[in-house]
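Visitor: Mind docking chain L on chain H? Use the hints.
Protein chains in written order, with our numbering: chain H, 2 to 100; chain L, 61 to 158.
Fair warning: there could be bad hints in the mix.
[To be verified] From chain H, some residues computed to sit far from chain L (all C-beta separations above 12 Å):
1. G39
2. K40
3. R83
[What the hints assert, rightly or not] Derived lysine-lysine pairs resembling DSS-like cross-links, with alpha carbons at most 30 Å apart:
4. L/K88 x H/K59
5. H/K78 x H/K40
6. H/K78 x L/K90
7. L/K121 x L/K88
8. H/K59 x H/K78
9. L/K121 x L/K90
10. L/K121 x L/K77
11. L/K77 x L/K90
12. L/K77 x H/K59
13. H/K78 x L/K121
14. L/K77 x L/K88
In short, the hints are calculated from the structure, not lab data. Backbone N, C-alpha and C fix where the C-beta goes; we use that ideal spot for every residue, glycine too.
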Amino acid sequence: MTGVHDLGGSPGGPIDMSQHEVEDWERLADAVNAALGGKGLQTTDELRRAIESLENYKELGYYERWTAATELLLIEKGILTREEIDERSADLRRRWGVA
Amino acid sequence: MTTFEPGDRVRVRPSDKTGHVRTPDYLKGKTGWIESVRGEFRNPEDLAYGLSGRPERPLYKVGFRQADLWGDYEGPADDYLYADVYAHWLERYEGETV
Numbered sequence: 002m003t004g005v006h007d008l009g010g011s012p013g014g015p016i017d018m019s020q021h022e023v024e025d026w027e028r029l030a031d032a033v034n035a036a037l038g039g040k041g042l043q044t045t046d047e048l049r050r051a052i053e054s055l056e057n058y059k060e061l062g063y064y065e066r067w068t069a070a071t072e073l074l075l076i077e078k079g080i081l082t083r084e085e086i087d088e089r090s091a092d093l094r095r096r097w098g099v100a
Numbered sequence: 061m062t063t064f065e066p067g068d069r070v071r072v073r074p075s076d077k078t079g080h081v082r083t084p085d086y087l088k089g090k091t092g093w094i095e096s097v098r099g100e101f102r103n104p105e106d107l108a109y110g111l112s113g114r115p116e117r118p119l120y121k122v123g124f125r126q127a128d129l130w131g132d133y134e135g136p137a138d139d140y141l142y143a144d145v146y147a148h149w150l151e152r153y154e155g156e157t158v
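Isolated chain H (complex conformation) (with noise of 0.2 Å):
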């Protein structure tokens, strides 16, 4: 096995095949992922390998794997710095009131 990813014919148990609403932040999770393709900053390979490389890759949903592989990405090419990602994290959770 290559990795967390690669898990086909192992014993997988049910499979959960509820749907839900697209929420928001998950439109916007895929248009920030297609701007950052269309501008030549991050390949679908490159994301598909960040994914692969999330520790927490089985607590995440499909959308929250590509938002942490998406921040890992522009950290390691150096467009923004994990101290500006969390700063403006902070800054938006003080401003709408969430923890």
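Guide: Frame of chain H; chain L shown alone:
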């Protein structure tokens, strides 16, 4: 790098290469046949790390008998699985055909 034609018998290399690998673990070391040629594409194993992925490599639709993939397969003998596999993951298979 060997290239293949539809109908050629092939074996997926049992490589334990790490990193971003598109060939699923359950196919490694398994034998099948070239069903068709998908075209030539940049190598995702390199693209995943910001490299050019060139030269482009042939990608094949490869057929496998389900019974050859899973030791305990109980379905019909003509159940097949098709997967896209790059040329560098394949080697010619001259062994006994099943």
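Visitor: Each hint: holds or not?
Guide: Results for each hint:
1. G39: Label holds. Min Cβ-Cβ 16 Å, cutoff 12 Å.
2. K40: Fine: 15 Å to the nearest Cβ keeps H/K40 off the interface.
3. R83: H/R83 is indeed farther than 12 Å from all Cβ atoms of chain L, at 19 Å.
4. L/K88 x H/K59: Given that 30 Å is the threshold and the Cα spacing comes to 24 Å, the pair holds.
5. H/K78 x H/K40: Holds: H/K78 and H/K40 sit about 14 Å apart, inside 30 Å.
6. H/K78 x L/K90: Answer violated: H/K78 to L/K90 is near 38 Å, above 30 Å.
7. L/K121 x L/K88: Distance ~15 Å between L/K121 and L/K88 Cα, so the pair holds.
8. H/K59 x H/K78: holds (25 Å)
9. L/K121 x L/K90: holds (14 Å)
10. L/K121 x L/K77: holds (21 Å)
11. L/K77 x L/K90: Roughly 16 Å between the alpha carbons, so the hint for L/K77 and L/K90 holds.
12. L/K77 x H/K59: holds (22 Å)
13. H/K78 x L/K121: With a Cα-Cα distance of about 34 Å, the restraint between H/K78 and L/K121 is violated, given a limit of 30 Å.
14. L/K77 x L/K88: holds (11 Å)
Hints 6, 13 from the list above are not met by this structure, while the remaining hints are.
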